[in-house]
Amino acid sequence: MPKLIKDKALANDYWTWLKEATDPAILKIIPGKNLIVPLKLWRFDQEELLDYPGDISIWVNSHENIEYIGNRIHELPLIGLNFPVFSDGRPYSKARQLRDDFGYKGEIRAIGDVLRDQISYMSLCGFDAFSPRYDQDIESCLGAFQDFTTAYQASVDQPTPLFRRR
Amino acid sequence: MYKYDNYDQQMLAERVSQFRGQTDRFLEGSLAESEFLPLRLQNGLYVQRLAPMLRVAIPYGMLSSRQLRKLAYIARHFDKGYGHFSTRQNIQFNWPHLKEVPDILAQLAEVEMHAIQTSGNCIRNTTTDQFAGVAPDELEDSRPYCEIIRQWSTFHPEFAYLPRKFKIAVCGTAIDQAATQVHDIGVYLIRNDNGVIGFRILAGGGLGRTPIIGKVIFDFVEKKHLLTTLEAILRVYNREGRRDNKYKARIKILVKETGLEEFKSKVMSEWEKIKDSVIELTNEEIHRCKSFFTDPPYAELSENEPSLKKALQKDLLFAAWNARNVHQHKKTGYSVVTVSLKETGVAPGDVSDKQLEFFADLADQYSFGEVRISHQQNLILADVKQQDLYDVWKSLKSHALHAGNRGLLTDIICCPGGDFCALANAKSIPIAESIQRKFDAPEELTKIGDLSVNISGCMNACGHHHVGNIGILGVDKKGAEFYQISLGGSSKNEASLGKIIGPSFAQDEIPDVIAKIVDVYQQAKSKNEKFLDTYQRIGIEPFKEKVYAKAD
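Chains A and L, in that order, give the protein sequences.
Note that the first sequence covers residues -2 to 163 in this note's numbering.
Note that the second sequence covers residues 274 to 825 in this note's numbering.
What the hints contain is simulated information worked out from the structure, not anything from laboratory work.
We put the beta carbon where it would ideally sit given N, CA and C, even for glycine.
Don't take each hint at face value.
[To be verified] Some but not every residue of chain A turned toward chain L, in silico, with C-beta under 7 Å: (1) 86; (2) 87; (3) 89; (4) 93; (5) 98; (6) 101; (7) 118; (8) 121; (9) 144; (10) 151; (11) 157; (12) 158.
[To be verified] DSS-like cross-link-like pairs, simulated, lysine-lysine; straight-line CA separation at most 25 Å: (13) 102(A) with 548(L); (14) 546(L) with 102(A); (15) 30(A) with 0(A); (16) 700(L) with 353(L).
So here's chain A without its partners, still in its complex pose:
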């Protein structure tokens, strides 16, 4: 079973990331998985997804608009936010938007170019699951949570900014 980091610990990954799916026909080829499908597929091919034998969640690319998820956001057990490259900062704002604006309580998973040295900031923005890039040492990625014991800003773990706690 592949591993990921969930709630700051190693965990088994029960999900399969469907990176590309332009045609729902692909669902027939891989039946019985729990799939993280592209936002587009989820938006436009609902019926095929309803018939799929397995759980469905979505992932959003960094250039895609989070508002496209729409009203059914709270039905989703997981939303993946993709980092096409680790230096693309948009998913940080998306995670904040999901937590703060939409009140999303499900898993927010960092996928794509996810590296040890960005995990700490991701976590503060609301990511609670990380699927590090294949070449990262996942055990040492756990060290990222120890980098800082506090922050100036409010975060999901500490909803009050430091200036209100001094």
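We have chain A; now place chain L onto it with these hints.
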């Protein structure tokens, strides 16, 4: 001055050990160069033409004598004995070894200093007026708000990977010394019609390839909204700023391409969501930060100090310096002193380890142990008793730091240029020197009066050439270094961008070209008219004619 508490100190220590770990992993080969790059940049470390360069933050320009002595120590032990004050209230060391950088950062942390976010695509060191807190025309001291912004922006987890760098300036004085309108965000302390002091917030200003003056986003907001408005602007920028082309990635391009009204409405809709949230600033926090910037224990002195009068009459050199480099202080009997770091033959903004220690001693003896650094790359003693001015000047003179050229043509703002910087198209330091040598007569300089000359070695514009009365930009012409001249720029309240005069010049032509420009001004100006006013009155043509006239 702000004093770190346990939180500040601990986060800084954690940052140093984080970077030590990252540097170790890079050196042992388990962290790729491209992945180490933004990490080292956000810890101030560039790789330059000759060696790495470490840029250390001087938050809003304030330095204590203890910090000055530490900088001297670092210059001596890790560099070749000098540092360079930049145009953004930073100090740069040009020769550190990569493996020693974590040790330098640990040394800095001992005196509450750091190199955090002095580079990279993140929120940079917040800058302000070098006269904050002592200027007579000040509405309110800007430094507490700078400190609030510093803490909010430090390690901001959402804004560490912006499309491009992001610079914020705050101004609390009537005369803008902070070039506020050419920052990504400019914050002005203002009083509204009801007498309430709050902020006017501009966004989308900047220099570089596409110089633009910032646009008003919030005409007036109460103080409690400072962080929420900044956060709203940053969030829109982080989400929508261009990432496909680094030359179009600054917020100024987003504002321009989106259209001001549309951009504003996006910011407003973000702001609505967060304006009453926990990041709304509290009165307690404003008071806490203000408590670090109270007046030092000033003596009650009288005006017209007789010993000063006598010295001014007796020593004309001192009097000339006093007229240029000494400014009015809000407290009777005190003055603000600008120490010019523009002595001819020294790269503008360069200081040696010994000079840093000398400044520390001066600060301890005459100015409550503190100095400031200005974006004009000079050093300020903010609280000098008028009865001490002559002694301060004699002290400066004994160290050859008594140039009385503050604001004059030789007080040149200049980037490190092609001598050091990997980005530069052309050298800039030798250009500054050649101009200083051309204008070496103090009487002549005084006659010319206030005139800013700004030099950048490339269009990234670190020398702020767009906002110099005379701007000089190094360009590459088929592999040779040439210089383009622009006229009419200003970074003050009436901020304006210079206009290019015509085809560029070779390096050795520059001093004569500047002399011709000055001649046109001198002949055309009416009594006491500033260069900018003359330029605006007569236009660029007379300058063009003179500069490009064929020799008979």
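Against the structure, the hints:
At a threshold of 7 Å, the smallest CB-CB gap from residue 86(A) to chain L is about 3 Å, leaving the interface hint in force. The criterion of a C-beta within 7 Å of any C-beta in chain L is met by residue 87(A), whose closest approach is roughly 6 Å, and the hint holds. The interface hint given for residue 89(A) is met, as the beta carbon of that residue sits about 5 Å from the closest beta carbon of chain L, less than 7 Å. For residue 93(A), the shortest C-beta to C-beta distance to chain L is roughly 6 Å, which falls under 7 Å, so the interface hint holds.
The closest approach between the C-beta of residue 98(A) and any C-beta of chain L is roughly 6 Å, which is under the 7 Å cut-off, so the hint is satisfied. About 14 Å separates the beta-carbon of residue 101(A) from the nearest beta-carbon of chain L, more than 7 Å, and the hint is not met. At about 4 Å, the closest approach between the beta carbon of residue 118(A) and any beta carbon in chain L falls short of 7 Å, and the interface hint on this residue holds. Given hint, residue 121(A) at the interface with chain L, holds; its Cβ is 4 Å from that chain's nearest Cβ, closer than 7 Å.
Look at residue 144(A): its Cβ gets to within about 5 Å of chain L, closer than 7 Å, so that hint holds up. The interface hint given for residue 151(A) holds, since its Cβ lies 5 Å from the closest Cβ of chain L, which is under the 7 Å cut-off. This hint holds: residue 157(A) has a C-beta 6 Å from the nearest C-beta of chain L, less than the 7 Å allowed. Look at residue 158(A): its Cβ gets to within about 6 Å of chain L, closer than 7 Å, so that hint holds up.
Restraint check: the Cα-Cα separation between residue 102(A) and residue 548(L) comes to about 22 Å, which is no more than 25 Å; the hinted pair holds. Distance restraint check for residue 546(L) and residue 102(A): the Cα-Cα separation of roughly 18 Å lies within the 25 Å cut-off, and the hinted pair is therefore satisfied. A threshold of 25 Å between alpha carbons decides the hint, and for residue 30(A) with residue 0(A) the separation of about 16 Å falls inside it, so the pair holds. A distance of roughly 21 Å separates the Cα atoms of residue 700(L) and residue 353(L); the hinted pair therefore holds under the 25 Å criterion.
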